[in-house]
Amino acid sequence: MAIKKVLKYGEKTLREPSKEVHKVSRKITDLVQDLLDTMYAQNGVGLAAPQIGVNYRVFVIDVSTNKEPLNPIVFINPKIIKKSGAIVSNEGCLSFPEAYTDVRRYKNVMVKAIDDRGRPFTLEATDGCLLARAIQHEFDHLNGVLFVDHCINRFETEEILKKYDLPALDPEKLLSEPDLEKELND
6 MAIKKVLKYG
16 EKTLREPSKE
26 VHKVSRKITD
36 LVQDLLDTMY
46 AQNGVGLAAP
56 QIGVNYRVFV
66 IDVSTNKEPL
76 NPIVFINPKI
86 IKKSGAIVSN
96 EGCLSFPEAY
106 TDVRRYKNVM
116 VKAIDDRGRP
126 FTLEATDGCL
136 LARAIQHEFD
146 HLNGVLFVDH
156 CINRFETEEI
166 LKKYDLPALD
176 PEKLLSEPDL
186 EKELND
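Residue numbers (this note's numbering): 6 to 191.
A hint or two may mislead.
[Stated by the list, open to error] Calculated cross-link-like contacts (lysine-lysine; reagent style BS3-like; alpha-carbon spacing at most 25 Å):
(1) K17 with K178
(2) K13 with K24
(3) K178 with K88
(4) K32 with K10
(5) K112 with K84
(6) K88 with K187
[Claimed, not checked] Listed next, with one range per pair, are the computed distances between beta-carbon atoms:
(7) L180 with G15: 15 to 25 Å
(8) P102 with L135: 15 to 25 Å
(9) R31 with K187: 40 to 50 Å
(10) E129 with E177: 30 to 40 Å
(11) F160 with L128: 27 to 37 Å
(12) K187 with G97: 18 to 28 Å
(13) D35 with D107: 34 to 44 Å
(14) K187 with G15: 27 to 37 Å
(15) K84 with L180: 11 to 21 Å
(16) E129 with K72: 20 to 30 Å
(17) R31 with L180: 34 to 44 Å
(18) H27 with F126: 11 to 21 Å
(19) D184 with R31: 26 to 36 Å
Just so you know, the hints here were simulated from the structure itself, not pulled from any lab data. Beta carbons: idealized from backbone N, C-alpha and C, even for Gly.
All chains, please: the whole structure from these sequences, using the hints.
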């Protein structure tokens, strides 16, 4: 299909919750292909529809490495149905070019979604693997939440954003995550 422009941090659309998909139509399958084309062109691991300015609950992930064949996973209307454990993860985002910071994430997640053929599936990702972290990261995009909202060190993250000429953190968007904090401190 097409490589789309990835919206950068500061664009209002990135903070808006996305709408459910009611039918896996041609419009949605075209969106999925645009997401995949754009993600691969940007050398990303995942990409959510809001990042290309489309307000639907759709994201794609591919955690295959250079030595493996491409293995894209399409998530439409995903719901995280189980989460446990906690890890600190160094993350970046295609909407934050070159900026990385440490964030809190669940170690294990189970997600239910439908694929680009309209078939429901359940997927479990464990042990803080890249897939587990990517699912949470992309799922957040669908709710207008960004990875920096999970940052471990607000001041360090501010410096990183400043270094790459990105807007400052919005203190009201920073997440209080007592469950993850407790797990990380135990």
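Ascending list of hint numbers which this structure does not respect: Of the numbered hints given earlier, the structure breaks just one, which is hint 19.
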